[in-house]
Amino acid sequence: MSTYAQKKGFGGTIWDYLTTVDHKKIAILYLMAGGLFFLVGGMEAVFIRIQLAVPNNDFVSAGTFNEIITMHGTTMIFLAAMPLLFAFMNAVMPLQIGARDVAFPFLNALGFWLFFFGGVFLNLSWFLGGAPDAGWTSYASLAVHSKGHGVDFYVLGLQISGLGTLIGGINFLATVITMRAPGMTYMRMPLFTWTTFVASAMILFAFPPLTVGLTLMMFDRLFGANFFEVAMGGNTIIWEHLFWVFGHPEVYILILPAFGIFSEIFSTFSRKRLFGYSSMVFATVLIGFLGFMVWAHHMFTTGLGPVANAIFAVATMAIGIPTGIKIFNWLFTMWGGSVKFTTPMYYAFGFIPSFVCGGVTGVMVATAAADYQYHDTYFVVAHFHYVIVGGVVLALLAGTHYWWPKMFGTMLNETLGKITFWLFFIGFHLTFFIQHFLGVWGMPRRVFTYLPGQGFDTSNMVSSIGAGFMSAGVIVLLLNVVITQVKNVKVGNDPWEDGRTLEWAISSPPPYYNFKQLPLVRGLDAYWIEKMEGKKAMTPAEPVGDIHMPNSSFIPFMITLGLFIAAFGALYHADDKSWALPVLIIGLLVTFGSMLVRSVKDDHGYHIHKEELMDEEKGAEA
Amino acid sequence: MTNQPLSSSNPRVDLEYRRKKNAEEMRHQVISFSIMIFLTFIAFAAVAAKGFTAWFIIPFILLLAVVQVIFQLFYFMHMSHEGHEAPSMFLFTGVFMAFVIVLTFMTIIWW
Amino acid sequence: MQAEEKFTYETWPASPERATLEAKNKFLGFWLFLGGETVLFASLFATYLALKDKVPDSTHALAKDIFDLPLTLVATMLLLTSSLTSVYAMYHMKNFAFKKMMVWLGVTVLLGFGFLGSEIYEFNHYVHEYHHTFTSSAFSSAFYTLVGFHGAHVTFGLAWIISLMIRNSKRGLNLYNAPKFYVASLYWHFIDVVWVFIFTVVYLMGMVG
Numbered sequence: 001m002s003t004y005a006q007k008k009g010f011g012g013t014i015w016d017y018l019t020t021v022d023h024k025k026i027a028i029l030y031l032m033a034g035g036l037f038f039l040v041g042g043m044e045a046v047f048i049r050i051q052l053a054v055p056n057n058d059f060v061s062a063g064t065f066n067e068i069i070t071m072h073g074t075t076m077i078f079l080a081a082m083p084l085l086f087a088f089m090n091a092v093m094p095l096q097i098g099a100r101d102v103a104f105p106f107l108n109a110l111g112f113w114l115f116f117f118g119g120v121f122l123n124l125s126w127f128l129g130g131a132p133d134a135g136w137t138s139y140a141s142l143a144v145h146s147k148g149h150g151v152d153f154y155v156l157g158l159q160i161s162g163l164g165t166l167i168g169g170i171n172f173l174a175t176v177i178t179m180r181a182p183g184m185t186y187m188r189m190p191l192f193t194w195t196t197f198v199a200s201a202m203i204l205f206a207f208p209p210l211t212v213g214l215t216l217m218m219f220d221r222l223f224g225a226n227f228f229e230v231a232m233g234g235n236t237i238i239w240e241h242l243f244w245v246f247g248h249p250e251v252y253i254l255i256l257p258a259f260g261i262f263s264e265i266f267s268t269f270s271r272k273r274l275f276g277y278s279s280m281v282f283a284t285v286l287i288g289f290l291g292f293m294v295w296a297h298h299m300f301t302t303g304l305g306p307v308a309n310a311i312f313a314v315a316t317m318a319i320g321i322p323t324g325i326k327i328f329n330w331l332f333t334m335w336g337g338s339v340k341f342t343t344p345m346y347y348a349f350g351f352i353p354s355f356v357c358g359g360v361t362g363v364m365v366a367t368a369a370a371d372y373q374y375h376d377t378y379f380v381v382a383h384f385h386y387v388i389v390g391g392v393v394l395a396l397l398a399g400t401h402y403w404w405p406k407m408f409g410t411m412l413n414e415t416l417g418k419i420t421f422w423l424f425f426i427g428f429h430l431t432f433f434i435q436h437f438l439g440v441w442g443m444p445r446r447v448f449t450y451l452p453g454q455g456f457d458t459s460n461m462v463s464s465i466g467a468g469f470m471s472a473g474v475i476v477l478l479l480n481v482v483i484t485q486v487k488n489v490k491v492g493n494d495p496w497e498d499g500r501t502l503e504w505a506i507s508s509p510p511p512y513y514n515f516k517q518l519p520l521v522r523g524l525d526a527y528w529i530e531k532m533e534g535k536k537a538m539t540p541a542e543p544v545g546d547i548h549m550p551n552s553s554f555i556p557f558m559i560t561l562g563l564f565i566a567a568f569g570a571l572y573h574a575d576d577k578s579w580a581l582p583v584l585i586i587g588l589l590v591t592f593g594s595m596l597v598r599s600v601k602d603d604h605g606y607h608i609h610k611e612e613l614m615d616e617e618k619g620a621e622a
Numbered sequence: 001m002t003n004q005p006l007s008s009s010n011p012r013v014d015l016e017y018r019r020k021k022n023a024e025e026m027r028h029q030v031i032s033f034s035i036m037i038f039l040t041f042i043a044f045a046a047v048a049a050k051g052f053t054a055w056f057i058i059p060f061i062l063l064l065a066v067v068q069v070i071f072q073l074f075y076f077m078h079m080s081h082e083g084h085e086a087p088s089m090f091l092f093t094g095v096f097m098a099f100v101i102v103l104t105f106m107t108i109i110w111w
Numbered sequence: 001m002q003a004e005e006k007f008t009y010e011t012w013p014a015s016p017e018r019a020t021l022e023a024k025n026k027f028l029g030f031w032l033f034l035g036g037e038t039v040l041f042a043s044l045f046a047t048y049l050a051l052k053d054k055v056p057d058s059t060h061a062l063a064k065d066i067f068d069l070p071l072t073l074v075a076t077m078l079l080l081t082s083s084l085t086s087v088y089a090m091y092h093m094k095n096f097a098f099k100k101m102m103v104w105l106g107v108t109v110l111l112g113f114g115f116l117g118s119e120i121y122e123f124n125h126y127v128h129e130y131h132h133t134f135t136s137s138a139f140s141s142a143f144y145t146l147v148g149f150h151g152a153h154v155t156f157g158l159a160w161i162i163s164l165m166i167r168n169s170k171r172g173l174n175l176y177n178a179p180k181f182y183v184a185s186l187y188w189h190f191i192d193v194v195w196v197f198i199f200t201v202v203y204l205m206g207m208v209g
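Chains as they are written, first to last, in my numbering: chain D, 1 to 622; chain P, 1 to 111; chain H, 1 to 209.
Hints are supplied without guarantee of correctness; some may be wrong.
Computed from the model, here is a short list of chain D residues facing chain P with C-beta under 10 Å [as the list claims (entries may be wrong)]:
no., residue
1, Pro209
2, Ile237
3, Val307
4, Ala308
5, Ala310
6, Val314
These aren't lab readings, by the way, just hints derived from the structure by calculation. Note that CB positions come from ideal geometry on N, CA and C, so glycine has one too.
Working from the sequences, and respecting the hints, build out all of it.
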């Protein structure tokens with residue numbers, strides 16, 4: 001399409017991204033927005049560690065500390081880790097299955113904008129009277145009585161961004177089911193696609209309970225309902241269940257795609273087929289299923305009773321089995337392979353021992369009787385940072401280096417990449433390893449300070465120094481990004497030279513229609529098979545023909561904007577502000593009006609004609 | 001998989017057959033509807049009768065509801081047709097989740 | 001077969017709701033959404049069951065005091081019948097009988113409004129007769145949230161079907177709007193599925209005690 005090839009001005013580019021429905025551009029939006037929130041959440045983490053570096057510190061007040069820990073957890077989980085994973089899912093998954101786009105390009109854009117506006121709304125709380133302060137789990141017994149609007153921002157912001165995630169999940173599921181290229185059977189899908197599929201299924205079933213929980217909380221705080229008001233017959237435990245019915249699957253929603261990223265990296269840089277592919281798929285599905293059956297292990301100390309505790313403890317430990325299968329498969333993938341130590345491979349290497357630490361402490365806290373000791377101490381903090389940072393964040397950093405060339409057409413500097421890795425990896429273990437001991441020595445989590453002479457001083461200082469290392473690592477990564485994009489040295493289809501899956505068979509970044517001719521997939525690691533037979537490209541499965549493309553649309557932005565406005569109305573409704581109700585109604589009218597416009601306006605998309613595709617080919621050769 | 005609309009051959013010989021099949025299916029729909037109405041009346045009658053204990057009525061009307069919903073899903077929503085493998089898998093996973101959630105809320109929220 | 005193409009009875013495909021790739025995606029995506037909705041309503045049901053009859057003191061009405069068998073039966077019949085009429089509409093859609101489809105959809109909408117009216121009357125009745133309001137107890141909050149969520153689905157479904165009918169009233173069936181009608185009718189059936197559990201679990205079980 002000639003209009004696409006033209007150089008656009010700054011305004012044109014902005015408009016392009018505001019209206020895009022192209023999964024590759026949406027991936028870049030997710031990467032930028034998620035990266036931004038990752039930096040915000042990281043700064044909050046640094047503030048936490050500064051406050052706790054020495055005893056009796058007064059860097060921040062107790063109230064502000066509560067706001068910071070709440071926002072750190074919420075931001076990192078909902079606004080950083082999820083969208084960054086969505087960035088890779090969007091960028092890579094459709095390419096890996098040989099599709100021209102996702103099943104619902106319009107909804108893909110809508111999902112992004114919902115997430116983004118929800119995140120912005122949540123973070124505006126800092127400037128509008130204070131952030132939420134009831135912890136990222138926002139337990140009702142704290143949250144219902146929290147003063148100010150902090151928790152309201154949490155409830156409404158997460159509601160909006162949660163809708164976006166749900167829509168994204170449905171979109172990925174449908175994409176994997178209907179859009180696979182000829183020959184791409186389920187058991188030939190790359191592991192990252194598989195984990196995306198299972199994680200999306202988990203999103204589909206895990207987010208509705210969160211939606212309900214947040215709605216109940218909103219009704220309680222803003223509209224006078226009594227779900228969590230014990231004096232009126234309410235019960236705060238309901239929130240805990242609803243939150244963890246969502247919250248526990250959520251951590252598997254994060255870790256499964258991380259496993260997928262590492263599976264790709266291990267097999268690419270060991271230059272070997274992934275060991276035990278079918279057992280990996282089986283383990284992924286099994287983790288996905290078991291992930292739903294264990295949520296109450298977060299609530300052992302609420303007094304569920306010995307039977308419930310025992311059931312949930314056993315179910316939790318069972319997850320160790322499929323996870324163990326995966327760990328051994330990765331090790332055996334490297335075994336006998338011709339391992340190349342690139343930056344992504346460094347992360348993959350660092351991931352295995354780090355994640356195994358987190359897994360082992362996971363089995364420890366899953367032991368219901370012992371959990372009474374660990375509960376609400378730094379041991380738990382250490383445990384979940386070992387799985388989330390040691391698993392998810394390392395995977396995100398690895399994925400950034402690994403797929404950067406595919407997303408942007410340039411290669412991040414390897415030396416700087418390795419420096420990032422070492423700084424981050426050392427900093428991570430320095431920060432969190434010692435926290436296991438702090439927890440067992442009795443330091444409770446979520447305290448804003450502690451007294452000297454309890455044996456916590458040195459360890460906390462060590463932990464804070466580690467946070468400094470991690471920050472330095474992230475800064476080097478940012479430098480690397482800037483340097484790479486300024487130099488702007490373009491790379492070819494397969495810059496790692498060992499690419500196995502379909503995304504490496506097309507140019508970097510891919511053309512907006514991805515595949516001129518859909519590829520014929522002849523087995524697992526489709527591109528590798530062709531390369532081993534001495535071919536340079538995939539065998540096409542169809543002749544060159546017209547390609548149907550979706551139209552760009554500004555409606556996703558408008559639908560979301562309406563909800564964003566409505567959220568302010570709902571929030572200030574509780575203050576009896578006269579303008580609050582009209583604002584709420586106007587916002588909802590904008591949302592539903594935009595949906596109506598989308599429904600009644602026919603949108604058939606457009607076709608790229610065969611001739612234009614031919615012309616482009618000639619242009620490229622000339 | 002292609003982004004081109006799929007071509008479906010539409011031979012005229014099929015028309016009569018399809019018409020008949022649709023009509024027959026519609027008859028099944030009406031029969032399922034009658035059964036559903038019947039089940040509803042039984043459920044209401046069981047409650048209105050006042051002669052039975054709650055221990056009988058509750059499981060009984062729940063069973064009637066489940067049967068009725070199966071009719072609704074398989075006939076009214078055409079889940080008995082082919083091409084519903086993925087929908088069934090995801091719907092029944094949802095039903096399973098629903099069962100687990102309701103079960104826990106009824107058993108371990110007690111204070 | 002293009003989405004915009006004109007059809008006759010003879011050329012109309014056997015499963016118009018899944019004849020194009022876009023339609024297939026829409027069909028599948030909507031079923032996936034219904035899977036999620038199942039869990040959403042399960043969470044609301046679970047909350048309701050956990051909070052059933054949980055009131056601050058004995059002056060508040062309980063489930064067995066407020067519910068009324070005949071009114072529930074009327075609402076149930078209205079919604080069940082509307083499910084059948086929307087099946088008729090889809091039957092005519094498959095036979096490319098646009099006018100008949102519209103008539104049956106119109107009947108569905110009327111029955112839906114009847115249901116909604118009975119629900120509004122019912123809520124109003126509880127508020128004035130028993131002071132059973134959204135804010136009066138945990139039980140009442142849970143009741144209005146569960147039944148109200150269902151009512152909101154009915155309202156949305158009505159708005160959806162009506163806008164589809166108005167939008168397409170002059171242009172007949174094609175492969176672009178047939179899947180839209182089909183998923184709207186799936187949504188309508190799902191509303192009925194939820195209602196079957198509401199009348200059983202909330203009303204009938206409420207009256208049994």
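Violated hints, by number in ascending order, as checked against the structure: Of the numbered hints given earlier, those the structure breaks are 5, 6, listed in rising order.
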